[in-house]
Structures are given as C-alpha cells and as structure tokens.
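Student: Which chain is which? The protein sequence lines are L and U, in order. When we follow numbering that gives the first Met the number 0, the leftmost residue of the first sequence carries the number 0, and every step to the right adds one. When we follow numbering that gives the first Met the number 0, the leftmost residue of the second sequence carries the number 0, and every step to the right adds one.
Simulated from the structure, these hints should not be mistaken for laboratory data. Backbone N, C-alpha and C define an ideal beta-carbon position, used for all residues, glycine too. One should not assume that every hint holds.
[Stated by the list, open to error] Selected chain L positions facing chain U (Cβ under 10 angstroms, derived; list incomplete):
(1) Phe-74
(2) Thr-269
(3) Ile-328
(4) Ala-495
(5) Gly-507
(6) Gly-526
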Amino acid sequence: MPSGDRHAARPVGRVAEGTVDTTSARRHDKGERVTDTAARHQPTTIDRLVIRFAGDSGDGMQLTGDRFTSASALFGNDLATLPEFPAEIRAPAGTLAGVSAFQVHISDHDITTPGDAPNVLVAMNPAALRAELHRLDEGGTIIVNVDTFDERNLAKAGYADNPLTDGSLKGYTVYEVPMTSLTKDAVAPAGVKPRDADRSKNFFALGLVSWMYTRPIEPTLEWIAEKFGRNAMVHEANVLAFKAGHAFGETAELFDHRYEVRPAPQEPGTYTNINGNTALAWGLIAAGQLARLPLFLGSYPITPASDILHELSKHKNFGVRTLQAEDEIAGVGSAIGAAFGGHIGVTTTSGPGIALKSEAMGLAISLELPLVVVDIQRGGPSTGLPTKTEAADLLLAMYGRHGEAPMPILAPATPSDCFAVAIEAVRIALTYRTPVMLLSDGYLANGTEPWRLPDVTTLDPIEVDFTTEPNHVDDDGQPEYWPYLRDPETLARSWAVPGTPGLMHRIGGIEKADGTGNISYDPANHGRMVALRAAKVAGIAASIPPVEAVGDVDDAELLVLGWGSTWGAITTAVERARAEGHKVAQLHLRHLNPFPSNLGEVLARYPRVLVPEMNLGQLSRLVRAEFLVDARSVNKVEGTPFTAAELHSAILGAIRD
Amino acid sequence: MTDVQPTTKKDWASDQEVRWCPGCGDYSILTAVQMLMPDLGVSRENTVFISGIGCAARFPYYMNTYGMHSIHGRAPAIATGLAMARPDLDVWVIGGDGDLLSIGGNHLIHALRRNVNLTILLFNNQIYGLTKGQYSPTSEVGKVTKSTPFGSLDAPFNPIALALGANASFVARTHDMDRQHMQATFRRAHDHKGAALVEIYQNCNVFNNGAFDTITSKSNRDSMLIPLRHGEPLRFGADGEKGVIIGDDGRAQVADVAEVGEDRIVVHDERAPSASMAFNLAQLAAGPHEPTPVGVFRAVERAEYTESTDQQLARALAEQGPADLAGLLRSGATWEIG
Numbered sequence: 000m001p002s003g004d005r006h007a008a009r010p011v012g013r014v015a016e017g018t019v020d021t022t023s024a025r026r027h028d029k030g031e032r033v034t035d036t037a038a039r040h041q042p043t044t045i046d047r048l049v050i051r052f053a054g055d056s057g058d059g060m061q062l063t064g065d066r067f068t069s070a071s072a073l074f075g076n077d078l079a080t081l082p083e084f085p086a087e088i089r090a091p092a093g094t095l096a097g098v099s100a101f102q103v104h105i106s107d108h109d110i111t112t113p114g115d116a117p118n119v120l121v122a123m124n125p126a127a128l129r130a131e132l133h134r135l136d137e138g139g140t141i142i143v144n145v146d147t148f149d150e151r152n153l154a155k156a157g158y159a160d161n162p163l164t165d166g167s168l169k170g171y172t173v174y175e176v177p178m179t180s181l182t183k184d185a186v187a188p189a190g191v192k193p194r195d196a197d198r199s200k201n202f203f204a205l206g207l208v209s210w211m212y213t214r215p216i217e218p219t220l221e222w223i224a225e226k227f228g229r230n231a232m233v234h235e236a237n238v239l240a241f242k243a244g245h246a247f248g249e250t251a252e253l254f255d256h257r258y259e260v261r262p263a264p265q266e267p268g269t270y271t272n273i274n275g276n277t278a279l280a281w282g283l284i285a286a287g288q289l290a291r292l293p294l295f296l297g298s299y300p301i302t303p304a305s306d307i308l309h310e311l312s313k314h315k316n317f318g319v320r321t322l323q324a325e326d327e328i329a330g331v332g333s334a335i336g337a338a339f340g341g342h343i344g345v346t347t348t349s350g351p352g353i354a355l356k357s358e359a360m361g362l363a364i365s366l367e368l369p370l371v372v373v374d375i376q377r378g379g380p381s382t383g384l385p386t387k388t389e390a391a392d393l394l395l396a397m398y399g400r401h402g403e404a405p406m407p408i409l410a411p412a413t414p415s416d417c418f419a420v421a422i423e424a425v426r427i428a429l430t431y432r433t434p435v436m437l438l439s440d441g442y443l444a445n446g447t448e449p450w451r452l453p454d455v456t457t458l459d460p461i462e463v464d465f466t467t468e469p470n471h472v473d474d475d476g477q478p479e480y481w482p483y484l485r486d487p488e489t490l491a492r493s494w495a496v497p498g499t500p501g502l503m504h505r506i507g508g509i510e511k512a513d514g515t516g517n518i519s520y521d522p523a524n525h526g527r528m529v530a531l532r533a534a535k536v537a538g539i540a541a542s543i544p545p546v547e548a549v550g551d552v553d554d555a556e557l558l559v560l561g562w563g564s565t566w567g568a569i570t571t572a573v574e575r576a577r578a579e580g581h582k583v584a585q586l587h588l589r590h591l592n593p594f595p596s597n598l599g600e601v602l603a604r605y606p607r608v609l610v611p612e613m614n615l616g617q618l619s620r621l622v623r624a625e626f627l628v629d630a631r632s633v634n635k636v637e638g639t640p641f642t643a644a645e646l647h648s649a650i651l652g653a654i655r656d
Numbered sequence: 000m001t002d003v004q005p006t007t008k009k010d011w012a013s014d015q016e017v018r019w020c021p022g023c024g025d026y027s028i029l030t031a032v033q034m035l036m037p038d039l040g041v042s043r044e045n046t047v048f049i050s051g052i053g054c055a056a057r058f059p060y061y062m063n064t065y066g067m068h069s070i071h072g073r074a075p076a077i078a079t080g081l082a083m084a085r086p087d088l089d090v091w092v093i094g095g096d097g098d099l100l101s102i103g104g105n106h107l108i109h110a111l112r113r114n115v116n117l118t119i120l121l122f123n124n125q126i127y128g129l130t131k132g133q134y135s136p137t138s139e140v141g142k143v144t145k146s147t148p149f150g151s152l153d154a155p156f157n158p159i160a161l162a163l164g165a166n167a168s169f170v171a172r173t174h175d176m177d178r179q180h181m182q183a184t185f186r187r188a189h190d191h192k193g194a195a196l197v198e199i200y201q202n203c204n205v206f207n208n209g210a211f212d213t214i215t216s217k218s219n220r221d222s223m224l225i226p227l228r229h230g231e232p233l234r235f236g237a238d239g240e241k242g243v244i245i246g247d248d249g250r251a252q253v254a255d256v257a258e259v260g261e262d263r264i265v266v267h268d269e270r271a272p273s274a275s276m277a278f279n280l281a282q283l284a285a286g287p288h289e290p291t292p293v294g295v296f297r298a299v300e301r302a303e304y305t306e307s308t309d310q311q312l313a314r315a316l317a318e319q320g321p322a323d324l325a326g327l328l329r330s331g332a333t334w335e336i337g
C-alpha cells in the first residue's frame, strides 16, 4: 500500500465558527476553519478507513463493530477486522480493565490487515478513551459519548482532569456527542424505561458512524429485525436509537463532512464475511463431505477455540457428532475413540489444552490413527493472555510429546484460509493415518475478511481405503489380518474398523511389531518402528506442492519468511518496501512439518532471510537447524499482531544490515 | 451387522500368550468372559474391548475381538467417543482400581452420569500391581506399601457408592472366586442399556494376596457375602439366619433374623428410582472383612447417551434438511460481485 495515504481518512472539512449546533453536542478541533457548509451532505471519497469502536464490556462494542463491518462488506469494500476484548466477562464497569474494542479496516482496494493506527476512535466512556487513544492516528478523529465524562467515570479511568477540557486532545478532531441522553429521548416512544434505554446507545453510535461514512442502513435494520424481532420493545428501541444516531449526523451541524469508501474491485463471485473459527468449522464439515465420513468433535470449552465447538454443534444434519467433554484429555480421547470407529476424529483447544492432550496425541501417533488437533493459539505460558493472540506453540506442536513422536503441522494465513487448511489437515490425517496439528491463533479466530466462496463441486474428494479383507497369509497358508502392514508409497498402515468381519485385531500404545501389530519389546523392532513413523511423516512432503516466493523473486536482497496470521502484516510491509524501491521477496508457509520439499533450495537463493513471528523465534530456529540458513528473527510477543509499520521498519533494518 | 454365528469359548480367545502372574485373579475373570461371550448373542467383529494401563488393561489383547490398549485412565473417554460414533458396536471398558478410580476417576464418573452404553469391568485388587505394589485409591487406611512404609493416610474410595453418587444406572459387584456369579453379573451388565459398572473383587496374589479371603473364600462366603436379589429379603448365612435391617440411625446394618423378625429385613429393590437405599447398602461393610453385599445394587432405566445423540442427529436432519455444503457456505450474509 502506498505510504502516502495513511491519513487519507482524516476529516478535512471544517465549519465556520458559530455554525455549531445549539444542542449540547460540541466539536473542537485543531485549527483551520472552512466555511463551505453546503458541501457537508456530499460525501468525500476516501480510499480507506480504519475505525475503532471502544467502550465498556457491557456497551456492545463487538456487536457495533460487527454490524459496521457487515454493512461495509455488503457494500463491497475489502475489509479486515480485529476484535479485542478482556478475558473477564464483566470487569468492573468504567475501568480500563473492562474496555472492549473492535477495529475494522475498510477500503476500496485489496488490503491484508485490520490497519495499524485507527483514523477514527469511537469512545463510549473515559476508560475507552484513555485505553485506546495511544493507538489513534496522529490528528485522527475522536467521537466520545460525552454523557459518560462525569467525575466518577473520569476517576475510574484514572483521569485527574477531564481530557475533553484540559487541552490534552489538542491535535485531534473531537466530537462530543451526548449519546446516552439522546438515546433515552429517542427510545422513549417505545416505552423503554430510562434505565434500559442505555442498552441501545451502541445502536445510536452505529447510526451516527453509519451516516458519517455513508454506510447503507438497510442491512442493519434487517439485522436488528432478525435479531430482536421476537421482543417488540427491544426491537423498536434499537431501531429508534439507530435511526436517531443517523439523523443526528444528518441534522446536527457538528459534522461538516461525510465520507465514503467506494467498493473495492474484487474477483467476480459470491462473497461472505467470515472469521477464522467459522471458516475452520466449515472446513471440517466440508472435509467430512469430501471424505464421505462422519465428523466427530470431542472438545472442552476454552478461549479462543470454543466457537468451533459452538459452530459444529449447530450442524448435526451433516452427521456431525459433538461431545463437550469433561476435560481436555477426554476431548482428545473421545476423538481417538471415534477415529478408531472410522469417523474423522477432531479435538479443538488452545495452548493449555494442547499441553494436557500431549499423552493422547502420542497414543494416536503410536496407534497410527487419523486425528485432527486444532490449537487456536493464545498468549502463554499457563493461563497467559486468554483473549490475546500469540503464535508461540510451534515448537510445542513440533516436539511437545515424549519419545520420537512426529506430527504434521499446518497453519492458516488468513481467516478464510482456515477453511482450506482444515480440509488439508483432514486429508493428511486420513491419507497417512496420523494425528495432524492445525495451528491457528486468536487473531485469525476472531478476525474477519470477505471470502469469495469456493464452488464446492470443485473441491477434491478425499479417498479413504478401509481394509475389508485379510491382507496376509500365515505360515499354514491361512489368510490373516496384519494391521501394521503399510502402503509402500505413503507408509500408511492398513486400517480396518471394528465391525469388519474376520479382521479383529488389537492395537495399543505399547510398541508394536512391524507388520503384525502385536506387542513387541524387541530393540531392533523399536528402532525400525521409530524410523518408519518418522519416515511416514517426512514423506508427506511428497504430497505438498513446492513453495514459490512472491515479490522480487529473482533479485531480492531479502526474503521475508512467515507462517500463520502474520501474512497480512508481512504482505503490506513488503509491498511498502518494494514501492520504495527495495528488492524484497516474500514466502509464507502453510506446511510447517514436514516443510515443503523445495524450501531449503528457495531459502538458499536469498542473501538475507527475515522471519517475523509472534514468539521468540521458533520457525527461525527450525529453518536454521534444518537448512543451516542464517535466518534472522523479528519478534513480537505482546498479545497483539504485528503492525505493517513495525514490519516495514524491520525489513528496512534488515536490508541495511 | 452380520448374522451372529454360533461360537465357542475358543473363538473368543486371541492367539496371544496370556502374561499375568501365575495365580492372578485376572485369569478367572478372563475365562468367565470368554465363556460367557458365546451365550450373549453377539459377534466378535462387533465387540470392542477398550482398556487403560495396568495389569487388568492387558485384557483386550487376549480377546479375539477388536480392542485398544490405550493410556492410563482414559479408557472411559475413548470408549465414549467410540460408542457415540458407532452405536452398533458392543463396547466394553476394562480397568483396575488405579486406572479407573485414580488417574481416570474423572472419566469414569462422567461416563456414568452421561449413561453411555458401555459395560465397565473394574478389577479392584486394592493395590497397584504393574508398578509393583504401591497403595491404591481403594486400599484400606494404614496400608503399608513401598510408597507408604508408615502406613497410608488416604481414606479409600468405595467404588459402588462413588458410582451411585454419579447416578450410574447400573451398579453391581462380584468377585473372582465365583465364575457363575461373575457371569450372571456380567450378563446383566452387558444387557443393560446405558453405562454399567461392575466392581470385581480380584486377588493380586503377588502384592496384596488374600485381600478378599475373609469374604470370598469358599468356607466364608455363606456367612460373609450378602446376595442382592431383586424383590427378595436381604438374608444370608448358611440357613439365612442373618439379614439386613435399617437401624435407628438410618443406616443399613446386619442383624439376626430371629432377633429382629422377618418383617424388618430389607427387601431389595434394584429398580428403586432413588439410589438412597443402594447407597446405604453400599456402605454396609466398612471393607472386605465384614459381611458384604454382592450382586446388582441398582439397575434403572434412563436415557442412554448414544441413542440420545442419534436422536438429535435425526431431529437436526428433519428440521434442517439434508447436508448442503454450498448452502452452509451461503448461510451468512452474502453479496455478489459481477
């Protein structure tokens, strides 16, 4: 993205002194005035906008952001979102700990991140202003619910003086809107008690922002009807509040301009706005259809993975069985049991759950049964930062089991990519009879983007060959079944499910004799089985397409190597550096174990390799060990994704070195 | 499902050499099960034994069925997934007191409360055998073992009371010295729809030899085992001279029938909707050295989990229609780009 348009969304129009509405709403800004009030109803076109809604946990900011996003998606903007909320369900109202925020980046062109710095901050109380102001673009716009800026709330937020009056917001354009009182007045005709009226103020804010940024209002009204239609009073109150907010923008001569972000040119097709967890759940369902096998999910609720359990639980008509297990171990255990029975066994969790499932994953490796283990990574160690993103479980996925226990690892790059990666995980699990680790993270899980829906008829079927006949002959010439006879190409073992006549057999976690699968303590056999299991996982590389770098592929001074959710920020940063004339190439890995077979060769082409990671350098360790390449790390372990600006400067720094 | 062909005990034995210590109580349990299977009207291919870790957990290797020797404590969880995925299968869970009551205690109680269609055989020998003789969660207080040279301090679990507390729909006890009683109990447990727990007093002749002799040896059985028979008064002794009454303190206790009169003897009702009386009976004996009830404590009908799972799937299919992947992808707000 060209660097010059960072401030493109900043309001530029100004009204003359004295034209400010006589209501209690006020605007103060940083200086220059214009007199062109007639222009205020003609929207100014801007190419992108980053808006951040922030308020108390109870203020409905996630919902407000989500509706603004949906309206923008339907309008045809490209977009990316970043919801951020506290781990506490309800931290004390009005405190910094209780601030919940939702950032959305909309544009008229292709974008890959939810934006570095917001251009607009909607702050529903002093705590939201205090907690979020530092993120705001220099000279950006602040819209506050001025009704909440009383002594009590200011004190709770830790303000000694009112920032609206003490001059500390000089340099920003501030709109003070009495949202609480205007909402109360607006919803009174619906018979809503003043106390309950407060709950609709987020719709007032949404209405106001929808006016300012020329969002279509119909989708929101339809959504309100759908969501609240059953409760006539709440429905009416929310509609009244939303319309009041919209009308306020229109009539209060506070807002000198409206802005419009035109639709982005996009590939023809049908689009939906999707987050990573939903895409992942749908990908698992799709994989079940493609393999024509039922899906079984054993899972224990944990942030930020629970939404996959919720989503899959809704779709039992696809033959999906879900078990909310008694603990993480039972989640994976039940999935292994279902896999033994011929289902696609899946367990979903976050880091702490992976730690608990380690022994069972080892069992699945030893049993050589298909299993998909989904880790929606979050800040660690221990409980860490449950609602914040991090990608520090790569080495856990790679090595976090006792013994030589290799497991394939996959990572999606964007929310919608979770769909394809879930299918790929199931393909590998079923084809190679192995547990597979899928590493998503909290940022992908909750972040959204428009997704051009694939034509499901073009998705490749997944072939599963259950064994139904004896596959061996004993010394007496009698047919028998050996569960550990392998496919010579994939090294996958034979798989006969219970219920198959004549093929009864026992498997277990004790080392098995190569072939028969009987218990074996023979040292040479153990060595052979360890090598076979390792070779099987390494051999998956044969089914992975070779990777190709993008950007200045042939003459780059620097290759930026990434994995997982850093893709968006890396892509924007690389594009910026290239726009400035630097030669940079980019490579993003979906398969982390085994690596694509040509990875070493690609890395060797570039004089410098930079690996941005939301950990202390885990992929960089792996590639250094595997390919003896001098990969440099750029790390961020703060619970928030990289910004493109951070990576842009890291790229420049690496080139200068 | 294929037609069930007649089988013999031999058909149910695998070709693997049985490797328990000579004289272990596990042998008689294995024989009892292998002899019973031909009579249950089930096929080998539709039968699965799932175990955890421990001496008892080797059991599946010796059955010519499908089987999984899994990891310590997790057999009930693995079996739950298998039973949910494949309600057509007959799933058995095998484990010892360490496996099912210590490391796997959580999974056991949840399988019982969910009422998953599992037949769970708990081999209780009140000791850790495979790790060579530490005390277990059913060992008596003061047990001197390698890990408790001054005697154990832990109060033991009462497996029957624990299962009843988890609202198990079928709870029974038997012992390894009486094949007929084992088989009758296993058959009832197998035929029960839902989770069935059978506690088997099993002798570990190496690390805890004779733990149950006081009550299970042939000469003591009449006077020390109280047979639980549905609808019959709880009487025992060579001539039925002893019986179970409810004392003034509300607790079950043993009395001389002649002294208290036949009318006061408790009539056993395994189908009582409340588990209170069964719970009372479960605590009649302080340990296997006092008169101890054996047989079925409780057998009640309640919703079975795998059947309920399938009913939900059927309901979803009826309400939401058949699987439509393209439709699912379009189930949110969508828009067209031309």
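Student: Now, for every hint given, state plainly whether the structure supports it.
Tutor: Evaluation of the provided hints:
1. Interface hint at Phe-74/L: satisfied, since its Cβ lies 8 angstroms from the closest Cβ of chain U, which is below the 10 angstroms cut-off.
2. Contact between Thr-269/L and chain U, as hinted, is supported at the beta carbon level, the nearest pair being about 5 angstroms apart and thus within 10 angstroms.
3. This hint holds: Ile-328/L has a C-beta 6 angstroms from the nearest C-beta of chain U, less than the 10 angstroms allowed.
4. At about 9 angstroms, the closest approach between the beta carbon of Ala-495/L and any beta carbon in chain U falls short of 10 angstroms, and the interface hint on this residue holds.
5. A distance limit of 10 angstroms between C-beta atoms decides the matter here; for Gly-507/L the minimum to chain U is near 3 angstroms, and the interface restraint holds.
6. About 22 angstroms separates the beta-carbon of Gly-526/L from the nearest beta-carbon of chain U, more than 10 angstroms, and the hint is not met.
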